[in-house]
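Number of protein chains: 2
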Amino acid sequence: MSIVAGIDIGGTNTVLGLVDREGAILAERSIDTTAYPDPESFAEAIAASLRALHEHLSAPPPIAGIGVGAPNGNYFSGTIEEAPNLRWKGVIPFADLLRDATGIDTVLTNDANAAAIGEMMFGAASHFRDFALVTLGTGLGSGFVAGGELLYGSTGFAGELGHVIVVEQGRRCGCGRRGCLETYVSAPGLLRTVAELLSEQGFGSSLSSIPLTSLTAADVADAAQQGDALARLAFERTGSLLGAALANTAALFSPEAFILFGGLARAGRLLFEPTQREMEARMLPILKGSVRLLRSALMDRNAAVLGAAALSWKSVERA
Amino acid sequence: MSIVAGIDIGGTNTVLGLVDREGAILAERSIDTTAYPDPESFAEAIAASLRALHEHLSAPPPIAGIGVGAPNGNYFSGTIEEAPNLRWKGVIPFADLLRDATGIDTVLTNDANAAAIGEMMFGAASHFRDFALVTLGTGLGSGFVAGGELLYGSTGFAGELGHVIVVEQGRRCGCGRRGCLETYVSAPGLLRTVAELLSEQGFGSSLSSIPLTSLTAADVADAAQQGDALARLAFERTGSLLGAALANTAALFSPEAFILFGGLARAGRLLFEPTQREMEARMLPILKGSVRLLRSALMDRNAAVLGAAALSWKSVERA
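Residue numbers (the working numbering), protein chains in the order written: chain L, 1 to 319; chain Y, 1 to 319.
Hint data in this document are derived by calculation from the structure and do not stem from the laboratory. Some hints here could point you the wrong way.
[What the hints assert, rightly or not] Chain Y is faced by these chain L residues, among others (derived, beta-carbon under 7 Å): (1) F76; (2) F157; (3) G174.
[Stated by the list, open to error] Footprint (simulated), chain L over chain Y, 3 or more residues, beta carbon under 8 Å: (4) 110-120; (5) 146-155; (6) 162-169; (7) 175-186; (8) 242-251.
[Said to hold, decoys possible] Here are the simulated BS3-like cross-link-like pairs (lysine-lysine), alpha carbons at most 30 Å apart as the crow flies: (9) L:K314 <-> Y:K314; (10) Y:K89 <-> L:K89; (11) L:K288 <-> Y:K89.
Beta carbons are placed, not taken as given, at the ideal position from N, Cα and C, and that holds for glycine.
Excised from the complex, chain L in its bound form:
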C-alpha cells in the first residue's frame, strides 16, 4: 500500500488527510488557516501536522506525494494568486514552500479543479473522459475535464464558469464586473434572487420575516419544501439560469455530464428539475440527450481532501 496527502486550504480551516489509492481517508485533521501570520509558518504547521498524522498510523508507508486544493491555486506555477479570502496577499509560491517544509513532491490547483479530479478518480465521473464538475457554494467554481485531462488553459485559470457573463448590466460581482453567473447561481446568488422576488412580489413569503443576512440557502430550500411559492420560484430562476449556461457550455465542450456539487446541490430536485429542463430545452439539436446532469458522489465524504489527494495520485503515477 502507498499513501498520499490531500490538503484542502479554506479561508477558515485547512483540512489534511492521508489517502490511499482507493480513496479511503486513513487519517485526517484540521488546522486554523487564520492562525499563521505568513505562508511560511503555515507551511511549517502543515508539515508538522502531516508528520503527526503519519506517526499515528501503524506501520505506515512513506507519503508518496502531496496534493493541495487552494482558492486561486495555479497548477502550472504551484502558486496561490491574490486569493480574496486568505490573509496572505500577492502571489504565494505555496507548492514550493510546502515541498521545502516536507521534503515531499507537492502539486497544487484550485479547489474546483481538485474536486473534478477527485470525482474522476473516486466519484461519479469514473467512467467519463469529458465532463465538468460545478461546485455551488459561496461562489460557483468549475473544473473541466476534456479527453481525460483537466483543462488548465494557457494561464492555469481555465474553467471559470462562474465568471461567464449571463446578464447584461446584471448583478455586481466580486470580480469587479456585472452579470457573472455566480452572482445568480451560488448560495449568495440564491439569496439575492430571494431579495429580487421580495421586491417584485411584496412580502407575503415566510422568508420576508428573516433578515437577509441571517438567511441561508438551506432556509430557502426548507421554505420551498413547505410550499412557499416565492422560495420555489427562487430555485426555479436559479436552475433556469444554470441550465441555460450549461446548454451554452455544452455547445463548446460536448461533455458526457455536468456534475453538481456543494451546498446548493443539496437542494436536490428543487434545483435539478429546472436546471435539467432548461438545459435540455436550450440544447443544440445535435447534442440533445447527450449530456447528463448528475449529483456528485462525494457530497457526503470529504470531497476537497479526496480531490487534492487524487491530484497527487495523478502526479505520482505519471512520474
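Add chain Y to chain L, keeping to what the hints say.
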C-alpha cells in the same frame, strides 16, 4: 519527402491537394460536389482525381494518408452527419468509403476543426498550445485546441461557438433555436444587422438602395471604408457581440489567442477593433491582457486543403 492528400468538401466544390510536411501544395484540383448522386460515386471520383494528381508529379512518393474536412464531419466515427448543404442525407461513413476507394488511411473532421489544425501546423498558431480558430463565413465555425490537442468532446461535436445563445429570444437560427451567435456574427449575420439598422435609422445609408439579397459583406465593408455611418455601425455591433462572446469563452478555456479566419475577417480593422475592444473590456480581471486576437496566417492560401492535410499529417505521425 512524403506527401498526404488534403480534401475540402464544400457544398458546391470539393478541392483536393497533395501537400508536403512543410505545407506546400504540390498539386491541386477541384471537382463538382453536386455532380454525384451518391457518396459512393463521389468517393470513387475523389480516388480517381487523386490518382491523376499523383501521376502528374515527377517521381512522387506514395500518398501516406488522406485528411478530409467536411461540413458536420465527425472525427470519431469518420462520418458526415446530416450536413444541410450536401445532397446526401443521413449519416454517411465517408472516411470508410474513401479508404475503400483509395486503399489509403483516411481521417475526417469538420472544416473548422481542420482549419484549426492547419493553423497550428502551418499558420499563426504554430507556437500555441491553447487557442481557438474562429471561421466567419456563411456561418460561424470554430475549432478549439487545448494543451496542443483538438477538443472533440464526447460526441465529436465540441467547439460550436456559433451556436452559443447570446441574445434571449433573438434571431432565428438554422439550427431551429433563437439568438445563436452565428445569426449575428457571420456574413449573413452582418447583413441581418444592416437590415436591423435600416429599420432603426431609416434609409439614409447608401446600402438602402441595394436589395438585401444582392448585398454582400464585402459591399458593407466597402461602404464603411467610404464613411457610410450605418455600415460602420453594422461592423461595430458585429464586433461587439463577437468580443463579448470571446471574453466569455476565454473564462472557460483561457486560450493564448483567438484566430479569426474567413470572409468577415477580411474586413480587417472594421471588425477587429470593436471585437478587441469589447473582448478586453469584458475580460475576467485575472485574464486581462492574456488573450490575443489574431488574423489567420492562411487567409490567402488554400486553408481548407492545408487544414485537411494537417489532420492527416497528425494521424500519420501518430501511427
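Verification of the hints:
| no. | hint | verdict |
| --- | --- | --- |
| 1 | F76 | 11 Å, violated |
| 2 | F157 | 5 Å, holds |
| 3 | G174 | 10 Å, violated |
| 4 | 110-120 | violated (count 0) |
| 5 | 146-155 | holds (count 8) |
| 6 | 162-169 | holds (count 3) |
| 7 | 175-186 | holds (count 3) |
| 8 | 242-251 | holds (count 5) |
| 9 | L:K314 <-> Y:K314 | 27 Å, holds |
| 10 | Y:K89 <-> L:K89 | 59 Å, violated |
| 11 | L:K288 <-> Y:K89 | 19 Å, holds |
Taken one by one, the earlier hints fail for this structure at numbers 1, 3, 4, 10, listed in ascending order.
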